[in-house]
Amino acid sequence: MKTPAALEDLIESLRCLPGVGPRSAQRMAYYLLQHDHVGAHQLANALDKALADIKHCEKCNSFTETSICALCCSPRRNASLLCVVEMPADLLMIEQAHCYKGMYFVLMGKLSPLDGVGPKEIHLDRLLKRIQDDIVREVVLATNFTVEGEVTAHYISELLSSKGIKVTRIARGLPVGGEIEHIDSGTLAQAVMERREI
Numbered sequence: 025m026k027t028p029a030a031l032e033d034l035i036e037s038l039r040c041l042p043g044v045g046p047r048s049a050q051r052m053a054y055y056l057l058q059h060d061h062v063g064a065h066q067l068a069n070a071l072d073k074a075l076a077d078i079k080h081c082e083k084c085n086s087f088t089e090t091s092i093c094a095l096c097c098s099p100r101r102n103a104s105l106l107c108v109v110e111m112p113a114d115l116l117m118i119e120q121a122h123c124y125k126g127m128y129f130v131l132m133g134k135l136s137p138l139d140g141v142g143p144k145e146i147h148l149d150r151l152l153k154r155i156q157d158d159i160v161r162e163v164v165l166a167t168n169f170t171v172e173g174e175v176t177a178h179y180i181s182e183l184l185s186s187k188g189i190k191v192t193r194i195a196r197g198l199p200v201g202g203e204i205e206h207i208d209s210g211t212l213a214q215a216v217m218e219r220r221e222i
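Position one of the sequence shown corresponds to residue 25 (the numbering used here), numbered consecutively onward.
There could be a bad hint or two in this list.
Claimed, not checked - Restricting the straight-line Cα-Cα distance to at most 35 angstroms, the calculated cross-link-like pairs of lysine-lysine (DSBU-like) are:
no., residue 1, residue 2
1, Lys-73, Lys-144
2, Lys-190, Lys-153
3, Lys-144, Lys-79
4, Lys-125, Lys-190
5, Lys-190, Lys-144
6, Lys-144, Lys-125
7, Lys-187, Lys-144
8, Lys-190, Lys-79
9, Lys-26, Lys-125
10, Lys-26, Lys-79
11, Lys-187, Lys-26
12, Lys-79, Lys-125
13, Lys-125, Lys-153
14, Lys-125, Lys-187
15, Lys-73, Lys-153
16, Lys-125, Lys-73
17, Lys-26, Lys-73
As the list claims (entries may be wrong) - Pairwise CB distance ranges, derived in the manner of DEER restraints:
no., residue 1, residue 2, range
18, Asp-157, Glu-36, 20 to 28 angstroms
19, Ala-74, Lys-26, 27 to 35 angstroms
20, Thr-27, Ser-104, 56 to 64 angstroms
21, Asp-157, Ala-30, 46 to 54 angstroms
22, Asn-102, Gln-58, 49 to 57 angstroms
23, Val-171, Gly-63, 34 to 42 angstroms
These are computed hints drawn from the structure, not numbers from a lab. The beta-carbon is built from N, C-alpha and C at its ideal position, and this holds for glycine as well.
Required output: the full structure, derived from the provided sequences and hints.
Structure (structure tokens):
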């Protein structure tokens with residue numbers, strides 16, 4: 025029996041999600057069609073709304089519904105301290121640890137020359153502009169402790185060292201190869217508090 029084209033398209037579309045292989049995508053598609061039409065419509069509507077309404081903050085590059093996000097607008101944040109993270113989920117984890125009161129910049133990735141991801145793709149030009157415009161005194165590099173995360177941190181450190189800006193790296197309270205999104209808040213808080221200059 026041939027699978028309907030619309031079902032094949034749904035299964036293939038679900039495979040774009042991280043960690044979802046062909047069998048998981050097939051199970052999700054069948055579940056939505058067999059058992060949860062209301063949930064499927066809600067999912068489709070929420071995805072449409074997010075795609076239409078969510079954009080990048082003009083200052084920190086994270087996700088927001090406004091041109092500048094609430095964190096960047098807050099007068100309670102230390103504008104001279106800038107934490108650089110790979111993804112919005114990393115920013116959220118640091119915020120949930122309640123250990124950091126500065127500003128952020130989200131790269132939306134990491135340097136990976138083999139994958140065609142260079143300085144332009146991770147918005148380093150915007151990062152430099154943010155540092156210059158906001159008179160940043162310290163940049164905290166909170167990229168993941170993966171090969172690409174380390175390369176990204178080193179590249180940014182080299183880029184900023186000639187500009188007289190203090191550059192620190194979060195401490196290795198995080199496991200090597202670990203990703204910030206998956207770390208408990210206590211470990212993450214310790215890593216941010218014990219950051220060091222590089």
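Against the structure, the hints come out as follows:
Distance check on the hinted pair: Lys-73 and Lys-144 sit about 28 angstroms apart at the alpha-carbon level, within 35 angstroms; holds. Under the criterion of a C-alpha separation no larger than 35 angstroms, the hint pairing Lys-190 with Lys-153 is consistent with the structure, at around 16 angstroms. Using a Cα cut-off of 35 angstroms, the hinted pair Lys-144 and Lys-79 holds, with the two alpha carbons roughly 19 angstroms apart. Simply put, Lys-125 and Lys-190 have alpha-carbon atoms about 17 angstroms apart, close enough for the 35 angstroms limit, and the pair holds.
A hinted pair counts as satisfied when its Cα atoms are at most 35 angstroms apart, and Lys-190 with Lys-144 qualifies at roughly 23 angstroms. Distance hint between Lys-144 and Lys-125 is fulfilled; the C-alpha atoms sit about 28 angstroms from each other, no more than 35 angstroms. Between Lys-187 and Lys-144 the CA atoms are separated by roughly 19 angstroms; this keeps the pair inside 35 angstroms, and the hint holds. For the proposed pair Lys-190 and Lys-79, the alpha carbon gap of about 30 angstroms is at most 35 angstroms, so the pair holds.
Only pairs whose Cα atoms come within 35 angstroms are accepted, and Lys-26 paired with Lys-125 is rejected, the gap being roughly 56 angstroms. Distance hint between Lys-26 and Lys-79 is unfulfilled; the C-alpha atoms sit about 40 angstroms from each other, more than 35 angstroms. Proposed proximity of Lys-187 and Lys-26 is contradicted: the alpha carbons are some 62 angstroms apart, above 35 angstroms. Restraint check: the Cα-Cα separation between Lys-79 and Lys-125 comes to about 23 angstroms, which is no more than 35 angstroms; the hinted pair holds.
Simply put, Lys-125 and Lys-153 have alpha-carbon atoms about 21 angstroms apart, close enough for the 35 angstroms limit, and the pair holds. Between the alpha carbons of Lys-125 and Lys-187 the distance comes to roughly 23 angstroms, so the proposed pair stays at or under 35 angstroms and holds. Only pairs whose Cα atoms come within 35 angstroms are accepted, and Lys-73 paired with Lys-153 is accepted, the gap being roughly 30 angstroms. Using a Cα cut-off of 35 angstroms, the hinted pair Lys-125 and Lys-73 holds, with the two alpha carbons roughly 31 angstroms apart.
Distance restraint check for Lys-26 and Lys-73: the Cα-Cα separation of roughly 33 angstroms lies within the 35 angstroms cut-off, and the hinted pair is therefore satisfied. In this structure the hint that Asp-157 and Glu-36 lie 20 to 28 angstroms apart at CB is violated, the actual value being about 43 angstroms. Checking the proposed 27 to 35 angstroms range against Ala-74 and Lys-26 shows it holds: the Cβ atoms sit about 33 angstroms from each other. Thr-27 and Ser-104 have their C-beta atoms about 57 angstroms apart, which keeps the hinted 56 to 64 angstroms range intact.
Roughly 48 angstroms separates the CB atoms of Asp-157 and Ala-30, a value that falls within the hinted 46 to 54 angstroms. Taking the beta carbon of each, Asn-102 and Gln-58 are about 52 angstroms apart, inside 49 to 57 angstroms as hinted. Judged by the Cβ atoms, the range 34 to 42 angstroms given for Val-171 and Gly-63 holds: they are separated by roughly 39 angstroms.
Against the hints set out earlier in the document, violations occur for numbers 9, 10, 11, 18.
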